[in-house]
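Protein chains in written order, with the numbering used here: chain A, 2 to 333; chain B, 2 to 333.
Be aware that a few hints might be false.
Computed spacing ranges between beta-carbons, pair by pair [claimed, not checked]:
(1) B:Pro37 x A:Val331: 53 to 63 Å
(2) A:Ala58 x B:Ala257: 54 to 64 Å
(3) B:Ala115 x A:Gly317: 33 to 43 Å
(4) B:Ser39 x A:Asp92: 53 to 63 Å
(5) B:Ser55 x A:Ile313: 49 to 59 Å
(6) B:Ser126 x A:Arg308: 18 to 28 Å
(7) A:Val331 x B:Pro117: 29 to 39 Å
(8) B:Ser126 x A:Ala121: 51 to 61 Å
Now the stretches of chain A that chain B is said to cover, found in silico as 3 or more residues with beta-carbon under 8 Å [unchecked claim]:
(9) 196-207
(10) 238-252
(11) 301-314
(12) 318-324
No lab work stands behind these hints, which were simulated from the structure alone.
Beta carbons: idealized from backbone N, C-alpha and C, even for Gly.
Protein chains: 2
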Amino acid sequence: MKHLLLAAAAASLALPVTAQEPAPIPSPGEIAAAAPASDWIAIAPSDLLVMDLSPDATGKARRVVIQLMPAPFSQGWIGNIRKLAAAHWWDGTSINRVQDNYVVQWGDATEKKALPRGLAVVPESGYQVSEPAQSMPIIETFYRNRERLKALVNQQRSGKPLVIYAPDMRTKIDPYSDFQAFAGGWPFAGSNGVWPVHCYGMVGVGRNLSPDTGSGAELYTVIGHAPRHLDQNIALVGRVISGIEHLSSLPRGTGALGFYETEAERVPIASIRIASELPVADQPRFEYLSTESDSFARYADARANRRDPFFIKPAGGADICNIPVPVRPVTK
Amino acid sequence: MKHLLLAAAAASLALPVTAQEPAPIPSPGEIAAAAPASDWIAIAPSDLLVMDLSPDATGKARRVVIQLMPAPFSQGWIGNIRKLAAAHWWDGTSINRVQDNYVVQWGDATEKKALPRGLAVVPESGYQVSEPAQSMPIIETFYRNRERLKALVNQQRSGKPLVIYAPDMRTKIDPYSDFQAFAGGWPFAGSNGVWPVHCYGMVGVGRNLSPDTGSGAELYTVIGHAPRHLDQNIALVGRVISGIEHLSSLPRGTGALGFYETEAERVPIASIRIASELPVADQPRFEYLSTESDSFARYADARANRRDPFFIKPAGGADICNIPVPVRPVTK
């Protein structure tokens with residue numbers, strides 16, 4: 002009996018390929034891996050937030066790396082986060098909440114630690130980018146990519162065999178927005194305005210009831226199915242690009258909303274720093290696949306239409322959170 | 002400083018409510034909890050698969066309860082699963098794979114354990130229910146619920162303030178299907194035919210390359226964003242209704258596809274049984290909220306349009322995997 006695999010990429014590579022057989026169609030991951038170096042964009046260390054948890058029970062280090070969002074998104078909260086990191090404010094705080102299929106949340110469990118001075122109070126209008134900011138390059142890119150998708154769809158409708166991830170951009174295919182597209186390496190949705198979306202691994206700002214919008218001191222990341230109902234209701238500031246398993250595999254909290262009920266359950270945070278403030282040798286280095294590259298278009302198409310050997314029926318579409326932007330460590 | 006909550010249900014309940022203030026609008030969970038007992042349907046013990054893992058490091062029991070799908074869905078594989086459970090085939094096997102944001106998979110890591118005789122070999126046509134089976138009651142319900150949604154949308158278009166979870170059933174709002182609806186307590190999608198969908202917690206059958214469809218001996222559950230590209234490519238046989246945290250919080254495997262690389266990492270399975278084969282006192286008892294009830298319609302509407310106090314902007318829609326069917330233990 003063969004080893005039954007759910008996604009048999011490994012098995013397919015092991016199959017004998019004769020001269021008569023066509024080469025296997027590459028998987029999305031293989032398409033990304035084969036992209037030219039020029040399609041990969043380095044992430045500046047000043048845009049990385051490095052969270053070091055206490056070592057695990059076996060003494061192994063637990064580092065989580067978060068990429069912060071680019072302007073014009075959520076910059077008020079991100080400015081606060083930079084100040085909190087510079088003040089070493091999170092050192093000695095903890096992971097306080099792990100709710101299955103929802104979020105992991107961290108910050109000050111005592112609720113008494115004084116915040117640094119000068120943190121911004123960001124209005125709710127900051128949850129999305131509306132008209133005045135739409136001349137920003139990333140927003141222009143978003144709209145350009147959206148038009149490009151429409152053009153691809155029109156080509157497809159005219160009979161050319163193009164298949165893309167949004168099967169029909171002229172009708173509503175996302176229950177949460179009028180349209181969706183990638184830009185500058187990030188997934189966005191839009192109707193009136195443009196906003197980042199709550200996909201797996203996205204990092205947001207805990208808050209109290211409206212009109213509170215949170216300071217950025219209390220953060221969470223998504224560890225389940227995309228809770229898109231939070232879009233436009235809470236600020237997103239980044240995404241976990243490495244080490245999410247140190248958060249997603251933590252024991253679930255048994256209190257209300259998955260909060261840990263005892264101090265012993267909380268996971269200590271040794272430090273949170275902007276990577277550029279770490280010694281150079283200790284700075285993580287990552288790069289992402291340009292969402293404006295042809296490689297990404299092929300990757301996204303393959304995510305929406307799996308033709309690699311395991312699949313028998315390509316879906317013909319994908320929701321935006323099922324097309325994660327490829328990010329990898331810089332190895333050289 | 003107040004304790005910043007991501008979903009401040011607890012905080013909102015603690016707010017003082019004066020006579021002048023309207024009562025807070027209930028959350029989806031509160032709507033389900035307030036449903037009359039007649040809207041809850043007991044799950045037969047013969048439809049529950051009970052997986053007991055070895056106790057955790059602190060000696061605590063780890064029980065996972067899976068509800069099997071109703072006819073006419075995936076019955077070939079489910080028949081095999083009943084035989085495997087009756088033969089105690091899984092006892093002594095293990096959890097072998099934990100891939101972050103994807104699946105946990107279990108079965109025989111040695112790949113050498115003989116299967117019981119008489120297991121069915123199920124054809125790929127079993128991945129969906131097509132025309133001949135559409136007179137089955139659950140399929141009729143699916144189509145009836147779909148028509149009901151359409152009627153609700155038409156009411157909404159005529160100006161009545163009905164807001165439902167599918168903002169426009171006449172256009173394509175799901176990238177993966179032409180339409181989607183609940184029936185008999187389960188989420189389904191359809192185009193030509195009807196099939197179950199890969200939401201968080203759904204349980205499927207590992208397989209090798211086509212035309213293999215798997216026997217049911219190798220099972221997985223979804224622990225991340227819904228991998229809907231697997232729909233119609235692999236059999237779904239049920240869903241985890243209790244104890245998924247014993248799977249989703251396991252350490253991620255470091256081998257290809259998240260497989261554990263060493264025997265020591267694998268989590269032993271003490272036993273898997275159909276609940277009706279357990280002593281009565283040890284049989285778990287669960288019930289689900291009827292998807293044909295008005296309570297469920299209100300619950301689904303509230304999932305798509307959060308109006309409880311934490312939210313400032315209801316989404317106006319939800320994807321089907323963001324409307325989990327409420328399931329709870331029977332307490333009396």
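Hints versus structure:
{"no.": "1", "hint": "B:Pro37 x A:Val331: 53 to 63 Å", "result": "holds (59 Å)"}
{"no.": "2", "hint": "A:Ala58 x B:Ala257: 54 to 64 Å", "result": "violated (26 Å)"}
{"no.": "3", "hint": "B:Ala115 x A:Gly317: 33 to 43 Å", "result": "holds (40 Å)"}
{"no.": "4", "hint": "B:Ser39 x A:Asp92: 53 to 63 Å", "result": "holds (54 Å)"}
{"no.": "5", "hint": "B:Ser55 x A:Ile313: 49 to 59 Å", "result": "violated (36 Å)"}
{"no.": "6", "hint": "B:Ser126 x A:Arg308: 18 to 28 Å", "result": "holds (20 Å)"}
{"no.": "7", "hint": "A:Val331 x B:Pro117: 29 to 39 Å", "result": "violated (51 Å)"}
{"no.": "8", "hint": "B:Ser126 x A:Ala121: 51 to 61 Å", "result": "holds (59 Å)"}
{"no.": "9", "hint": "196-207", "result": "holds (count 5)"}
{"no.": "10", "hint": "238-252", "result": "holds (count 6)"}
{"no.": "11", "hint": "301-314", "result": "holds (count 8)"}
{"no.": "12", "hint": "318-324", "result": "holds (count 5)"}
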